[in-house]
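Enquirer: Construct all of the structure, not just a fragment, from the sequences and the given hints.
Under this note's numbering, read the sequence shown as residues 6 to 354, first letter to last.
Don't take every hint at face value.
No farther apart than 20 angstroms at their CA atoms in a straight line, the calculated lysine to any residue pairs in the SDA-like style are these [unchecked claim]:
#1 Lys291 / Asp319
#2 Lys291 / Lys74
#3 Lys291 / Asp306
#4 Lys74 / Lys301
#5 Lys74 / Trp59
#6 Lys301 / Ile323
#7 Lys301 / Ser255
Taking CB as the label site, the calculated pair distances span [said to hold, decoys possible]:
#8 Pro225 / Pro62: 46 to 54 angstroms
#9 Arg222 / Ala201: 14 to 22 angstroms
#10 Pro62 / Asp330: 50 to 58 angstroms
#11 Glu128 / Thr87: 37 to 45 angstroms
#12 Tyr275 / Asn41: 42 to 50 angstroms
#13 Met125 / Pro262: 33 to 41 angstroms
#14 Ala283 / Pro144: 46 to 54 angstroms
#15 Asp306 / Val280: 37 to 45 angstroms
#16 Trp129 / Ala201: 54 to 62 angstroms
#17 Thr42 / Arg248: 26 to 34 angstroms
#18 Ala283 / Ser136: 27 to 35 angstroms
#19 Glu134 / Glu108: 29 to 37 angstroms
#20 Asp88 / Lys301: 36 to 44 angstroms
#21 Asp306 / Glu66: 35 to 43 angstroms
Simulated from the structure, these hints should not be mistaken for laboratory data. Computed from a prediction, not measured in an experiment: that's the story for all the values here. Note that CB positions come from ideal geometry on N, CA and C, so glycine has one too.
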Amino acid sequence: MTKHSDVVIVGGGVMGCATAYYLARRGITSSVFEQNTFGWGASGATAGVVGPLWHVPHDNEPYFELALKSLRMFPTLASDLTDAGLDPQYRQSGVLKVAFTEELAGTLRDDLAWQSDLDMAVEWLDAQEVSDREPDISPSVLGGVYSPQEGYVVGQSLVDSLVHAGTQLGVRFFDKTEVFGIETKASRVVGVRTAAGSFEAGHVVLASGPWTGIATRWIPEDVPIRPIKGQRILLRLPGLLPRSPVHGFSGYCVPQPDGRILVAATRHEYEFDQVVTAGAIADMIKAAVDLYPKLKDAQFDSARVGVRPGTPDDLPIIGPVPGWDGLSIIAGHDAVGIMMAPATADSLA
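Expert: Next comes the structure, spelled out in structure tokens:
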């Protein structure tokens, strides 16, 4: 086996796999190394909401524009990946955010003022219109904002489809293959050392999510990426499935193509473990029942943890590492990695 690629990517989550895919579309060869299975971390545990209006700060114009670009890329990406043979399970279902108090309704209406300038057909729904759209929603809901161009994707399915399509384009994927370090000549990075041996590359990309900060021990640079543990659960109640992701102000419910309902999310700063906690489950069940009272009778299906990468300014780190020729980072997206992946990976590629 030839142990050389134009690019080596360290990390097999959505950022690493999407970067490899977009590189391959440009005719650039790459090898992706993942210490576990592809998507096993935050990418597979994500709620999967593709909704920049609610998750990306609009006061940072360059970042918000990148998020909107990513939103616009999703339909074409999903179609291309499906044509390659594996459905990423993306749905442009719209996203609904609701209010239970007049104060929160006022906040949503204030947000609608700037959202209406985006040419995204965002609209206010009164209580009856929300009920017409979501018949099982709590009668305490006073109204909400509906954004029809947003939606959701199943994180693990997106990663799997990127691996499938990337393989067809010539990407080499190595799961359960830990990277132990980088190979350098002077200040130039020329490859990596892995459990499968050394691999040469013209460029190395660190796309290891919260592990990126650990990986940078290989270089004398401070990359301030911290772990943020998040938990989510899956419920099932035959006859009840939201038409789209529905946000309250304490959590949200996301329909799944298989009929389950994903409920998210929790946030635990500087925690790196994979332990599901009773308190987090209780909080998410309460948030779900607040939105849909019938969910008190739902079957509990499963719970999962994903550790996300955060940064001090809540903005991702994308691009070359100063002082190191041939080394780049794509990490630090916190809870919006899935929705930001197409535009971020494409821009780095």
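Enquirer: Any of the earlier hints contradicted here, and which numbers?
Expert: 1, 2, 4, 6, 8, 10, 11, 12, 13, 14, 15 and 19
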